[in-house]
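> Chain H is already provided as a structure; the job is to place chain W on it using the hints.
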Amino acid sequence: MRIISGGSYVPYRRLDRATISEALGTPPAPGTRSVASYDEDATSMGVEAARNALANVPPELAPELVLFATSTPAYLDKTNATAIHAALGLDRSIAAFDVVGSVRSGMAAMQLAGSASQRTLVVRSDVRTGLPGGADERDGGDGAAAFLFAPAGADVPAQTTALGRGAATLEFLDRWRLPGEPASHVWEERFGEHAYVPLAQAAFTDACKSAGITPEDLDHVLVSGPHSRAVRVASKAIGVRPDALVDNLSATVGYTGAAHSGIALADVLETTEPGKKIGVLLLADGADALIFETTDALGTIKPRRTVAEQLAAGVGGLSYETFLTWRGMLDREPPRRPDPVAPAAPPSLRSEDWKFAFAASRCEACGERHLPPARVCAKCGSIDQMTSERMADVPATIATFTVDRLAFTPSPPLVAAVLDFDGGGRFRGELTDVDPAAVKVGDRIEMTFRRITTAQGVHNYFWKGKPAR
Amino acid sequence: MASHGIRDRVAVIGMGCTPFGEHWDKGPEDLLVDAVGDALTSAGVEKDQVDAYWVGTMGSGISGLTLSRPLRIDYKPVTRVENMCATGSESFRNACYAVASGAFDMVMATGVEKLKDGGFSGLAISSPPGDGTTADLSAPALFSLLGPAYCKKYGVDDAEFKDVLTRIAWKNHYNGARNPRAQFRKEVPKDAIACSPLMAGNLGIFDCSGVSDGAAAAVIVRAEDAHKYTDKPLFVKALSFVAGPATGVVDNDYDYTTFTEVARAAEDAYSQAGVSDPRAEIAMAEVHDCFTPTELVLMEDLQFAERGFAWKEVLAGTFDLDGDLPVNPDGGLKAFGHPIGASGLRMLFECWLQLRGEAPEDRRIKTLEQGKKLALTHNLGGSPGECVSYVGIVGAE
Chain H
1 MRIISGGSYV
11 PYRRLDRATI
21 SEALGTPPAP
31 GTRSVASYDE
41 DATSMGVEAA
51 RNALANVPPE
61 LAPELVLFAT
71 STPAYLDKTN
81 ATAIHAALGL
91 DRSIAAFDVV
101 GSVRSGMAAM
111 QLAGSASQRT
121 LVVRSDVRTG
131 LPGGADERDG
141 GDGAAAFLFA
151 PAGADVPAQT
161 TALGRGAATL
171 EFLDRWRLPG
181 EPASHVWEER
191 FGEHAYVPLA
201 QAAFTDACKS
211 AGITPEDLDH
221 VLVSGPHSRA
231 VRVASKAIGV
241 RPDALVDNLS
251 ATVGYTGAAH
261 SGIALADVLE
271 TTEPGKKIGV
281 LLLADGADAL
291 IFETTDALGT
301 IKPRRTVAEQ
311 LAAGVGGLSY
321 ETFLTWRGML
331 DREPPRRPDP
341 VAPAAPPSLR
351 SEDWKFAFAA
361 SRCEACGERH
371 LPPARVCAKC
381 GSIDQMTSER
391 MADVPATIAT
401 FTVDRLAFTP
411 SPPLVAAVLD
421 FDGGGRFRGE
431 LTDVDPAAVK
441 VGDRIEMTFR
451 RITTAQGVHN
461 YFWKGKPAR
Chain W
470 MASHGIRDRV
480 AVIGMGCTPF
490 GEHWDKGPED
500 LLVDAVGDAL
510 TSAGVEKDQV
520 DAYWVGTMGS
530 GISGLTLSRP
540 LRIDYKPVTR
550 VENMCATGSE
560 SFRNACYAVA
570 SGAFDMVMAT
580 GVEKLKDGGF
590 SGLAISSPPG
600 DGTTADLSAP
610 ALFSLLGPAY
620 CKKYGVDDAE
630 FKDVLTRIAW
640 KNHYNGARNP
650 RAQFRKEVPK
660 DAIACSPLMA
670 GNLGIFDCSG
680 VSDGAAAAVI
690 VRAEDAHKYT
700 DKPLFVKALS
710 FVAGPATGVV
720 DNDYDYTTFT
730 EVARAAEDAY
740 SQAGVSDPRA
750 EIAMAEVHDC
760 FTPTELVLME
770 DLQFAERGFA
780 WKEVLAGTFD
790 LDGDLPVNPD
800 GGLKAFGHPI
810 GASGLRMLFE
820 CWLQLRGEAP
830 EDRRIKTLEQ
840 GKKLALTHNL
850 GGSPGECVSY
860 VGIVGAE
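Quick note, the sequences are listed as chains H and W, same order. Just so you know, we're using the numbering used here here: the first sequence kicks off at 1 and counts up by one. Just so you know, we're using the numbering used here here: the second sequence kicks off at 470 and counts up by one.
Every clue listed holds true.
Here are the simulated DSSO-like cross-link-like pairs (lysine-lysine), alpha carbons at most 30 Å apart as the crow flies:
id : chain 1 : residue 1 : chain 2 : residue 2
1  : W       : 622       : H       : 466
2  : W       : 621       : H       : 440
3  : H       : 466       : W       : 631
4  : H       : 440       : W       : 781
5  : H       : 379       : W       : 622
6  : H       : 440       : W       : 659
7  : W       : 622       : H       : 440
8  : W       : 621       : H       : 466
9  : W       : 781       : W       : 842
10 : H       : 379       : W       : 621
11 : W       : 701       : W       : 841
12 : H       : 440       : W       : 631
13 : W       : 516       : W       : 495
Far from chain W by the CB rule (all over 10 Å, computed), these chain H residues:
id : residue
14 : 92
15 : 117
16 : 295
None of these hints come from the bench; they were simulated from the model. Ideal placement from N, C-alpha and C gives every residue a C-beta, glycine not left out.
Just chain H, same shape as in the assembly (with noise of 0.2 Å):
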């Protein structure tokens, strides 16, 4: 568990727990749970999290293997993490792979990512609902968490550094959902509290054991998972200070499944100090327990934006009705447009740099950058004599935009830009995140991964960009 860089995505939107007692008629919940964007799914959030964690990560250091983590992928038997992998602009040779299915395969991924023998990038993310009025929607969030691995015994200046482990695994039924179902299923809730806590017990004392130390040294303990009844419960009895227990989300986030206790474990990364004990105890079909403790190096690599600063940066005032709509809950009539088009295998294969890497061409003769990367110079007509340019993380300056009213998008209006980049280039896109009446020439914009639409089954991701904040 030696992990070299981590970082959060929690997205830009908040919904308000009142709204959906005031549609429903259902008892009153407190806080706000965050929300993936209409054009944000397990894997764009992922990519944002990996943006996130990888900022500051020297080019030595980088990524040597990708796992990816979620209970919610966008596609089945085909891989996300390749999507992640090319949003990345990592190289070719190195591996993608998806661990999906379930909240536990977060945990899977860390563990794996721990005992390997590449540097590891573990994304961890995840899109949680369910139907509406129930409890899964009330307390689910959206978030992503992502962390680089160091391989055991490699010379790489690791923040953290592992101390012990344990695991406790039973079949039962608790939680499932059938491939293609809109939201999962659960028992009832007493009787998973009587199977969780003995499991969480146990794996919690093994991994103290084998760590050498007692419950009560732990300075921070993370104890999540699905089913909160028995995670709260479990918190009190495994023996950790009152004080060590860390703060859930619960009021700001909700619970966001696969990504959960890497988006508190961020948290608690970019705020505690070196020589500190961390628990993280997973209950999820069984249960996992992970003991580590900060080094000196903590703090050495630092993610663009911490959790705090995301959570403080988050925006209320969605409706229950657009929640439901962005989720897919609520067929809308749809403008009196032509359906989006799919996009094409071959043209997004030739293109994968552009679409996925978002980078440009940047002529040799003359310099001029060029979005969508182009053979031809648009300024010195010089020929294939161009260099692929990253401008993923290069921010623009809006030369001019406009809201579309008439044009298809999952959540009308349409805004879009002419982006100017810094050190040159113009692109002209969607901008998200926004609000269309603030929108003015000169605005300072970032991009971020998206995904544009789903069309006849497939998933159009590409970049947009969003108020720099």
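Structure of chain W alone, referenced to chain H:
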């Protein structure tokens, strides 16, 4: 290397134009049969006298069969052309060259579009398979990008700019109200235009051209043969067409206040026609007012107004029916409607009527009486930063 033009080498001897609008009871074939029939009648010739045909359509048919099948054309060359919204002019331009080359004695240029069968709001254009990285913006959105840029560059505030756009729409509806072939034949009060529901940016529904069905056709012969068929032929003075390098959308220096393609096509056309002062010499212009800010910017690109001053000229009424330089006296794309493949020829049809003194009294231009003799048509395809542009000039002498 030079653009020599074919000034006074070919002439139009007959034209036809269907009413534009919602032709629920007519397909593109019917519209072509109507327009071709009217053009032949107008020229006083028979179908068999026409040696070759051009048919322009963006999406209402493919190949020369689009025309030869409904007209049962007897084994003649029929060329289908497409150049986005400039398709109708492209049909005419290529047909003219065929006569000028000596290859044919008499040809016909036609254009047709049947948009209302699509069932969509606004224009829908299908694209080849792609990688999904081009934002699928509507046409009004693409042209609305002109507004904020123009305002910023020339210090026009939002309210003033809205007045300018409204004035353009109001003028074109005023003209269209006097045109029995126009899609919209009613004057529209300025406050109704200004308050219409927003489509994109600051463009309301009344800032957009009409989605329309229609067809138009022209019969062309060598200039020296023209008087065999009519006392009042139109002589082609200039035919200019440019396809831009589409660098505006990638070039930080392009400022969205001009169509470079139009400015270049206009320079070429004026050179071909020997026009040195367009504002003084052009009697009327039919321009591509797909959206109101387009017409505004075109006034500068076509040298009808100084850069940064077209908005003042619009408000002063320079381009009104009774102004110094009437623009879109037939109602333009705004009120006449915009069946893509037909529009360029529809523009020419208005020149045909006005220069021959056949336009109805209540929308007849006054500039001919002042000794001006030339009429200009301008047709645009694409959007700011990446477009194609046609500028043509005709005269009755």
